[in-house]
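Starting from the two chains in their separate frames, assemble the complex, guided by the hints.
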Amino acid sequence: MSHPLDDRGGDLRALFFESAYELLQTLNDAGLELETHPADPEVIRRVRRVVHTLKGDSAACGYLGLSEMAHELEDVLLPEIGQVRGAQLAEVVLAAADVFDSLLNAYRQNVEPPSTEPLRAQIRQFLKAATHTPAAAPADNRLTARFVWSEYEQLMISEALHRGENVYNLALRIDPQSAMRAAAFQLVRNVLHGIGTVIALHPEDNSAAASVEVIEAAVACTMTEEAIARRCKIPAIVADLVIARATPAETPEHDLLSELLEAQATVTVGAATPAQGAPEQRPSGSASAVNAVVESTLRVETARIDSVMNLVGELIIGKSMLNRAIVEFDRRHAHDPLHAKLLDALSFQARVLDELHKSVLKIRMVPVEQLFRRFPRVVRDVAKQCNKDVALELAGQNTDLDKGILDALAEPITHLVRNAVDHGIEPPEARLAAGKPARGTVFLNAYHQGAQVVTEVRDDGRGIDVARLRAKAVARGLLSAADAERLSDAEAFNLIFEPGLSTAAEVTEVSGRGVGMDIVRSVLDRLKGTVQVSSQLGQGTLIQLRVPLTLASIQALMFRVNNRLFAVPLSSVVEITRVSESEIHRVDQREVLQLRDHILSLVRLSSLERIHAVEARKRSFVIVIGAGERRFGLLVDSLVGEEELVIKALPEEIITSDLVSGASILGDGTVVLILNVSAVLARLSRAPALGAIA
Amino acid sequence: MPQFAALLRKDNQPVRYLVVDDSVFARKNIIKMIEMFGGEVAAEAGDGLTAIAEYNRVKPDVVLMDITMPQMEGIEAVERIVRQHAEARIIMVSSVGYQENILAALQKGAKHFVQKPVKPDGLYEILRYVLSDEAGSASAAPVAAGEEFDQ
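As they're listed, the protein sequences go chains A and B.
Once you know that position 304 of the first sequence is 304 in my numbering, the rest is easy, because the numbers rise by one and skip nothing.
Once you know that position 74 of the second sequence is 74 in my numbering, the rest is easy, because the numbers rise by one and skip nothing.
Excised from the complex, chain B in its bound form (with noise of 0.2 Å):
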């Protein structure tokens, strides 16, 4: 199993995520990964009106969101929590089918997108990407953590 450096916040606190996705096994899956990086899970939603209303209860470092969903869909999802909080990190977790759908969430103020099936080191990568715009996230240890992936 690979080591990673945990990713922190800049006060040296879990990063803390919102894992929005309608199959409880995908979830299960995202959440496993994010407690390897030392991460918080501070929310689950299984559809886009839960995501929304557990983003402004917990207002979480990151949103990993899964694009298809009922109720309301990913892109939607974006658009409205973006609307309300311009500082939202929001990772669209998606496959390749769903092109059209991820451009639009990107447009909409989505962060960036991860492919499934979701890797951990991937994952890991991009969610360092995505934090970095908060300066001395992942407690200056990008290059060593980078060593440390297990290819």
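Only chain A is shown next, with the shape it has when bound in the complex (with noise of 0.2 Å):
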């Protein structure tokens, strides 16, 4: 059998993943929900629904194995389980929802899908607990029909071919496959009744369907054989069908008669009404509201949007080459009229420039809400796993973001918020012993700051013991005694992003062996953003990332080395000064300014400049460049100005050095290598010698 989807490519297979996805985020919070309200019946249907649609989309995409684990879960979703088990039902749907998760990595990923085996043990073994399950019934494979009436329904019978109407007696079997029994019952009904009176069925009502195979009917109608036949062959629903005309019992009782031809009025008008639509009326919605359901969403597929954003890019490329060409104009011919139209032309061109681009922007931004809602779950599997009672609060949920930022932050913060729970909250004990609540909490907050988005994660724990990662580093042969002990405690804070450096006394399953702190920093290096850290010991420890808005373009201030064009972004300079070589000094073979009452290291671009510059050159420039709490100097030959920069990243091959994070083209045509300020930061505390570099 061919499948829906074998032909038709990748656009409904990604928009599973990304619906599936979606629905897994409302399943866990849902799963969360009813933990906490565990025999709430609405919060069931709730769960139930999104496991449904989960199935449907999973079955249609061919990701059987997905589907089928949602149908188990599906049978345990019931609100009469949740009355008396809720508690054990919301575990099943978090390990469900676990189980789902890794299923659809799996599936998009292309690789041999994870055993569910576990979870389908937990789930029958939930259900034989929890409820008794109706045995199937064994399948006959003639159908043999018996026409059994009644004395009343033989009198019925006998009474419509008395009037000279056609009775037929009817035995349909209702398909083996069909799972919905009760409702195929249903469905038959509604078709005898479309064919003619139905004067006897069997079985009577929709529950005593669900456990018989095969329907008997007498019907009275003026339709043929044939036509009945085709009305009733039901597609999917009957697998069999004898039509045999009825004939007339014996001598029916005369005194029943009357009475019994009241109830046959009875009868018939009863069962007529549900086919036409019984005309209960139900409270329900204005007929205005019918009109107001309007859809005011769009999803489009990321690529394109990126497509239009590179478009922009070039755009404000061809803007800076246009304003190029002015100054150039307005060289060559000086007070020539055309020049005041040019750039009238040029100011409205960039001012809806500047628009297009905002609202391109715009359009990748996304809440940081979405990021955000993952975290209950988290904080809670952590805190239940190392037996700690831990609260998250969220704040700043509606701070919006890159797209692609917010999705490359997930995976720090989600280490950040694990650590926090797992090595920053203290167990209870311990935390009533300090004269703390015994709930700890771990508060996330995100906020704009100018350019850049700050996102917090902070605890109210035991804190960071500075004194003890110094000597860890020391340990571990990270620095030695001196330069630990020269770090100011703001930079030895970092020491916690070092790859191997944990000061959790023992590993836990949880956070594991002090990999994950690395990556954070190498996350946020990628992204151009910094991550700074405090703590205070007993008190608790904040850490904040910070990234740019949007990684497309930044304001960037240009400079040049030898003769070479570089920038840094914009964000990141904090001041720009002039020195003369006589005010730069040596300090443990660094080259520092004092600038006021600071003491300001200083980098220089290449060694060979610094050869060469510090006989050319009696003055030069120094950028002074601030990624978190540290700061250093950056000596330059000469500023070029601030421009946005558009930039394009780098194919890894290109880059032959960390130091640099990105490039831009200028409208000329002429490179500008954008530095990267963290990496920067990262080998001066790492190499005390003369910052060489490039």
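Not one of these hints is a red herring.
Listed below are the simulated DSS-like cross-link pairs for lysine-lysine, each with C-alpha atoms no more than 30 Å apart in a straight line:
id	chain 1	residue 1	chain 2	residue 2
1	B	K59	A	K233
2	A	K403	B	K28
3	B	K10	A	K233
If you anchor each label on the Cβ, the simulated ranges turn out as follows:
id	chain 1	residue 1	chain 2	residue 2	range
4	B	A86	A	N398	42 to 50 Å
5	B	K59	A	S347	52 to 60 Å
6	B	K59	A	A87	44 to 52 Å
7	B	Q84	A	S347	56 to 64 Å
8	B	P70	A	P248	51 to 59 Å
9	B	P70	A	I363	24 to 32 Å
10	A	A229	B	A86	22 to 30 Å
11	A	R146	B	K59	41 to 49 Å
12	A	Q109	B	K59	43 to 51 Å
13	A	T224	B	K59	27 to 35 Å
14	B	A86	A	K358	50 to 58 Å
15	B	K59	A	Q397	38 to 46 Å
16	B	P70	A	Q109	29 to 37 Å
17	B	A86	A	G164	28 to 36 Å
In case anyone wonders, no lab produced these hints; they're calculated from the structure.
Ideal Cβ positions, reconstructed from N, Cα and C, are used throughout, including at glycine.
In structure tokens, the structure reads:
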């Protein structure tokens, strides 16, 4: 059998995954809610609806493992079960959400999906304990009609025949494949009523039909046998059909007749109404509400937005080309009245372009909530695993951030949250002993700050022991004892991001072996963001992640070193100052500058430059660059100016140094390299020797 | 890919469908099948209320209606549509777990139901059946079409 999706490419598949992951999130939310309100039938229904949709979608997409799994789960999602074993039900739901997640991931990566047997076993066991399952009825191969009518029914048949009507005995076997027998029965019933007057029907009601395989009926009608057969061969419902003309029964008892005829009248009326649509009035929304629902969102592939974004980027480059052309024009034809016209047109175009750019950026913006809402589940799980009582507080969920950045932040923030629960928050007894409430709290917050978004993970746990961190770094050979002493506390906190450096006394299942924290930094570097740690022993830890609003373009400061053009993100520039060589001092093999009452480490972009420039240039510029708490000065020959740079990602093969985060092309075709500020800083703190870079 | 003889109306025009499901994915899936059957999607709806409005607007030949939806569930939508348009052909689309709802929808006047996951050949049979109350549908090709099923 050919599958519906086989021939229809990836668009449905992509749509499936997108909606499936959303469903999964909803499932997690509902599962958590179920945990707090175990007996709430509304929550159970909501969970069921989500599982149900997931089942349908995955089956249609050919992911039968997931669909069957969802199907089994659906069976236990009954309010009755919730009443008695709601808490365990929530447990099953959350476990299932995890299994679904791993299945989806496997499907998406086209790898062998993991075994679902443990969960199935859990569900089966749960179901066995909670309900009794009806045994499946054995299938009978041949349809044998009995047409055993009651005395009353026989009487009715005789009466109809007597009136000259055709009466047919019908036997219909419900397709054994049909899983919805009661519904199938109802459908047959509807059809029979459409054929004529139903005199007899076995079984009589829907509930009995669930266990019956063959429906028998006597129908008085004017249709031909073939027409009846056509109506009764209901696809997917009726597997087999027997039609026979009914014959009059033995002489009926007369006394009974009049009484029974009356009964018949009520029966036919009663049976006919449902098919016409019962006029049962339900309280419902007003008719005017009918037109009110309008779809206001549109799903678009990210790739399409990216291509618009790229085009806008090209336009911005075009703008700067025009700008240069006009400057040139002005130089050649000073006082030409055309100049003013060009300038007007250009500024108009620039304004529109600016709006366009912002609008496109806005399309990519999504609220941080999309990421934050997964954390209630994470915190609950981790807290449970390490026997802690932890609350999660969220703030700033409506802060918008570029979708790409948000996705990239998911992993580091997850690490930080897990760490906060596992290592940050103390066990309840320890907290009580320290005079804190037994329940710890992890706070997640997000807000805008200039062109950056700050995401904070804060806990009110034990804080970081800086002394121990220093000792450990020295023990691991990351730093000399002297260097370790020289680090400020703020700098020392950053040691937690070094690979293999975790102060947790024992390695736990949750947070692993300190491999997570260096991921935090590497992701933030990639995003041109910064991490800042502050902590108070016994009070808690605050980790702030700063990322740019968008990766697509930056306001940059351009400068020249040895006639080559470089740029740094303007957001990282703290100030610019001029220095003469005589103000530059050497301390510990480092060049430093006293800037007001601070000592600033200096970086030169090339060792080559260092040799010649010292003599050649008496005065140069220092760009003071800040990344988080840390500052350094960049010695440059000349400043070129500010410009909005559209960042072109550089392929891995081209970048030989992590010190460059990207490149941009100017209007005149010149290539500018954009410095990766945090990488420069890392290099600076790792290599005490004079910064010989690039 | 199985070939299906086009299901046509009595007047040889394509059958017009209204597809109602809150899952965009499920809708797209069904629409692909409808297109395989030579049908025309007159409208789509993501909930019961919209379904009613769209029914009144486009007067489709067949409605494919999901059972569980936000705003207004399939049953109520069926009831309201059938009350106004007794001739409506509504096919419920749902899975095994919602038998009660299907049953109710059938009592309210739905013509048939199809189980998720919807298979093209199964749906085709059901559509042919539901459309056959209008004599001359399926351009008198039910038998020929039946032989072309990919099995």
